[in-house]
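**Student:** Here the protein sequences line up with chains A and B, keeping their order. Numbering follows UniProt numbering, with no gaps: position 353 of the first sequence is 353. Numbering follows UniProt numbering, with no gaps: position 152 of the second sequence is 152.
Any given hint could be a false lead.
Identical chains blur together in the list; that is why a pair holds if it fits in one copy or across any two.
To be verified - In silico lysine-lysine, DSS-like type, Cα no more than 30 Å apart, as pairs:
#1 K37 with K310
#2 K37 with K299
#3 K88 with K299
#4 K299 with K310
Note that these hints are calculated values from the structure, not bench results.
Number of protein chains: 2
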Amino acid sequence: MADGPTINTIAERAGVSIASVSRVLNGLPTRQETVRKVMAAADELGYVRNAVARSLKSRRTNQVAFAMADIGNPAYLAMLRQIQPVLKAAGYRLVLHSTDAVVADEIDVLHGLGERYVDGLIMSPLRVTDAHLELLAAARAPVVIIGSVPEGTRVDNVRADSRTGVRLAVDHLYSLGRRRIALVNGPLDTVPGAARGAAYREALEDLGLPYDENLVQVGDFYRPEGGRAVAELLARVPDVDALMCANDLIALGALDVLRAAGRRVPDDVAVVGMDDTDLAAASWPSLSSVSLGSAERGKVAAELLLERLKGGEHEPRRVTVPPHLVVRASTAGAGPDERAARGGSREAGGAGERGAGS
Amino acid sequence: MADGPTINTIAERAGVSIASVSRVLNGLPTRQETVRKVMAAADELGYVRNAVARSLKSRRTNQVAFAMADIGNPAYLAMLRQIQPVLKAAGYRLVLHSTDAVVADEIDVLHGLGERYVDGLIMSPLRVTDAHLELLAAARAPVVIIGSVPEGTRVDNVRADSRTGVRLAVDHLYSLGRRRIALVNGPLDTVPGAARGAAYREALEDLGLPYDENLVQVGDFYRPEGGRAVAELLARVPDVDALMCANDLIALGALDVLRAAGRRVPDDVAVVGMDDTDLAAASWPSLSSVSLGSAERGKVAAELLLERLKGGEHEPRRVTVPPHLVVRASTAGAGPDERAARGGSREAGGAGERGAGS
């Protein structure tokens, strides 16, 4: 590039200051007239703009990638909402990958680090395979994993704690005087299904409640399946007085079925969901739900990565974001929902429709 | 770069085929052993990887940017969910910007095109200012605008039609025999507030219904404000039998207040929202809502941009995505909600929590 045109020759040709050229070429706000002059001069001189040349020099791209397992999953979108502004504030552009939870796609993203198109990567894989681990060991750029990794993996890692989350929910239901607390779970051959099942059993034992297989119903992590599971449960155990649901969608299905069966929530049956999605505040009755801190995990992951990008050479870090229970009408009786306003303002952009929608 | 190491010299040094080197350097799936050999050889030879050198040669980055006004807005997230896979399938990485609806940020993004860090841009601004137009005219890469642009603007443009959307809702309520159809709107000094107000008035006139100022209540585009507006409306017009709400959040607030007032929905008062967010299917009763086609607008925008990137030199295109009404329990009486399943599967990733949450 050294032999090619420089900002000096462009400034001369455009008849503007070198500072102006720099501002324009770096995309900083500049008077339109100046922008046009500089762009014209740059074109005439065949100047190749030049994030590219700059990164050749610095080997930096000022880009960070976030590889999310599922772009349709509110939990990952909550992470994204936190990651984006943190990186933006630090001057990094965000490259977004959605791997559709396909391991091969995640492997491709890790391989791609060799291309040096980003300075770092935040990845939230469904599960970490040996292939992940080999590539993480050889990674050409800092990586932060949101999710669990095997002990001893030398990578910064931010994780949730669904076990404690289930515990919080069961303890809450117990504190309300409920003693027939059922678990409506997803498939047991999934990591969360297994973990939530084990956590439920532990929680009961610690509370001195008997573990009753009849109180455990396995369906899937979706609303209709959740509803069907609860219908079966009600038929088998009519006197159930509380439902711990393994995610919010299962809980929404539970509310559908309880309503149809004429069971009052929470008077007859109290219901707790998990993940604390926007849907929890929108449902009626509004849904108490365990937050696994998706937003916080995104924020922490971005901050850990920024530290590495500043050259932090410390040992790999592991941060566990503690869960918390958001109590709403489905366990606390109807009442003002402190989350409605926030749920709303997160959607302020309905305002966004102002631009697109008219 | 020509004088530096090449994939030939790396292949020699690593003792693998040139094809293998190419696969590794391009981040394609490759045996771990090969990856390690190639990476080692590349390091020893001081090979600078090299999306960078390739784009210097081709002047292409294989990246496309999407600048969304508000990363917290479900309407934009719906666009993003469609844009990302379309670009991924075409081999482009997605660079995500959230401008927080700040014009200066949008201007920066347009300026930034001069940096050539992307091959094209999709932007969804709240409103298009003169500064936008000047930069669009001088843009160094193809741009597609989601939203309205002034007549004659030479840029590909995908827009919604909220006017027809309001019409669909009012006609639907009329067809249900409702004759006291109120509008619960956002601020009239916003583009959508003004447009939806005008569309409501037109719709009534075409139906031969009198325009009654008492039936128009202006609040803001959020749930609590929507609820307050409906409370005022009920006090002033107790016999109102239908509410056209300017977005889903207003409609959720309306359901809160109607429930508290003991009005049955839809028997006493039918309610329609707008934007058809995930919240509409989660509410109870589930909310009939006008979809302004956010997802479709994102898909069309991505496809238009890809055509430009293939070198399409045709005239600027304008595509208007027609709205459609999604009828649910708030106007149709309770019943199976055909959207619940989809609302659910969009959140299959609750499954995503499988990785993070255990």
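**Student:** Take the hints in turn and mark each one as holding or not.
**Tutor:** Status of the hints after comparison with the structure:
Within a single copy, K37 and K310 get their C-alpha atoms only as close as 37 Å, which misses the 30 Å cut-off; across copies the closest is 28 Å, which meets it. Taking the closest pair of Cα atoms, K37 and K299 never come within 30 Å of each other, the shortest separation being 41 Å inside a single copy and 36 Å across copies. With identical chains, the CA atoms of K88 and K299 are at most 30 Å apart both within one copy (12 Å) and between copies (25 Å). Proximity of K299 to K310 under the C-alpha cut-off of 30 Å is restricted to the intra-copy arrangement: shortest distance 17 Å within a copy versus 37 Å between copies.
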